[in-house]
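Following the hints, put chain B in place on chain F, whose structure we already have.
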Amino acid sequence: MTVYKFYREPGKYIEAKPERWRWEAYYTDGTSLKQFDDSTGLYHQFREIDQGKLDRFVMRHEKSYLVPPITLKFKPWMKLIHYYENTVSYSVGMDIQTKGTKVYCFGYEGNGNKMIVRILPDDTIEVEAK
Amino acid sequence: MAADVNIVESNGAGEDLTDITSGNLNMGSGDYANITSSATLPITADANGYEKWVRFKVEDISTSDHIKTMKVWMSTDGLTGSDVMMIYATESGYASKAYAQPTADDSTVATYFIAESEPTGANVAGGAGSLTATLGDGEYSNYIPIQLQVDAGTAEGGSFTISFKYEEVA
Chain F
5 MTVYKFYREP
15 GKYIEAKPER
25 WRWEAYYTDG
35 TSLKQFDDST
45 GLYHQFREID
55 QGKLDRFVMR
65 HEKSYLVPPI
75 TLKFKPWMKL
85 IHYYENTVSY
95 SVGMDIQTKG
105 TKVYCFGYEG
115 NGNKMIVRIL
125 PDDTIEVEAK
Chain B
10 MAADVNIVES
20 NGAGEDLTDI
30 TSGNLNMGSG
40 DYANITSSAT
50 LPITADANGY
60 EKWVRFKVED
70 ISTSDHIKTM
80 KVWMSTDGLT
90 GSDVMMIYAT
100 ESGYASKAYA
110 QPTADDSTVA
120 TYFIAESEPT
130 GANVAGGAGS
140 LTATLGDGEY
150 SNYIPIQLQV
160 DAGTAEGGSF
170 TISFKYEEVA
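Chains as they are written, first to last, in the numbering used here: chain F, 5 to 134; chain B, 10 to 179.
Treat the hints as calculated values from the structure; they're not laboratory data. Quantities reported herein were computed from a predicted structural model and do not represent experimental measurements. Incorrect hints may appear among the rest.
The following label-pair restraints were derived from C-beta to C-beta distances [stated by the list, open to error]:
1) F/74 with B/115: 45 to 55 Å
2) F/21 with B/49: 36 to 46 Å
3) F/59 with B/108: 42 to 52 Å
4) F/36 with B/115: 55 to 65 Å
What the simulated footprint calls covered on chain F by chain B, stretch by stretch (three residues with Cβ under 8 Å from a Cβ of chain B suffice, anywhere in the stretch; the number is not a length) [to be verified]:
5) 17-23
6) 43-50
7) 87-93
We put the beta carbon where it would ideally sit given N, CA and C, even for glycine.
Chain F extracted, bound-state conformation (with noise of 0.2 Å):
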């Protein structure tokens, strides 16, 4: 497995694993800041991102060849949003206790709009309209 390094602070990194999901951003300019960069070995936080000169963003599963991409193609007034949803589920009263699923989320908002993409754990897909 590919291990990809993080610097929170200078000279000192940590390793980032693959996410099943992970993001891509280009830019207009023809550039991109990917979240797992294979040329550089270099991990990347979503709020390295540069907003203000994104063109598109994506979504890509680690077996792309497998999954198509997702795209928000993105508007100069769109807040692009990503996080993970986290869930800790306890069966009180059982044997069986926890559970914990992970919920890839996407998308924007401005204009009044807010639209969530969320990738589930089965890979499927739902999306919502706030």
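Here is chain B on its own, set in the frame of chain F:
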């Protein structure tokens, strides 16, 4: 790797801390974490379980930036008869609670009926009682006191699901 966020339970006068993320949240007639089964420390009819005081804890923020929008709720499928699950978790008018040794008396802090579906927004706060607060490395949410109050007509304990959810910005 993503952030390591745990659910931590507090017990005793001296506040012993137990990471119950991979444990359990069984209610019982004693002030203990990880009560091993429903047959251990059963709650009798017309009595209360000991309060549970739990929190989210960011054990290691790792490569992520922060967590936010913390929620707790319960499934509707499991409480027996007129049993009620009380909690302090609310989407409005939130005020943080200071830890106190768990009690089996009627809780004076877990005074809301627990939400029976996922809340729209955060109902657990961080910082000084802020529902919009974010948590970073090593930080805890505010306390979430929970108490099961068993009805006089209940003959045998039920089972149900309590869920804790947070958003992680990576």
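Hints and how they fare:
1. F/74 with B/115: 45 to 55 Å: holds, 50 Å
2. F/21 with B/49: 36 to 46 Å: For residue 21 of chain F and residue 49 of chain B the Cβ distance comes to about 37 Å; the hint holds.
3. F/59 with B/108: 42 to 52 Å: Cβ of residue 59 of chain F to Cβ of residue 108 of chain B: about 50 Å, so the range 42 to 52 Å holds.
4. F/36 with B/115: 55 to 65 Å: Because 59 Å falls inside the window, the suggested range holds.
5. 17-23: holds (count 5)
6. 43-50: holds (count 3)
7. 87-93: It holds, with 7 qualifying residues against the three required.
In summary, the structure agrees with every hint in the numbered list given earlier.
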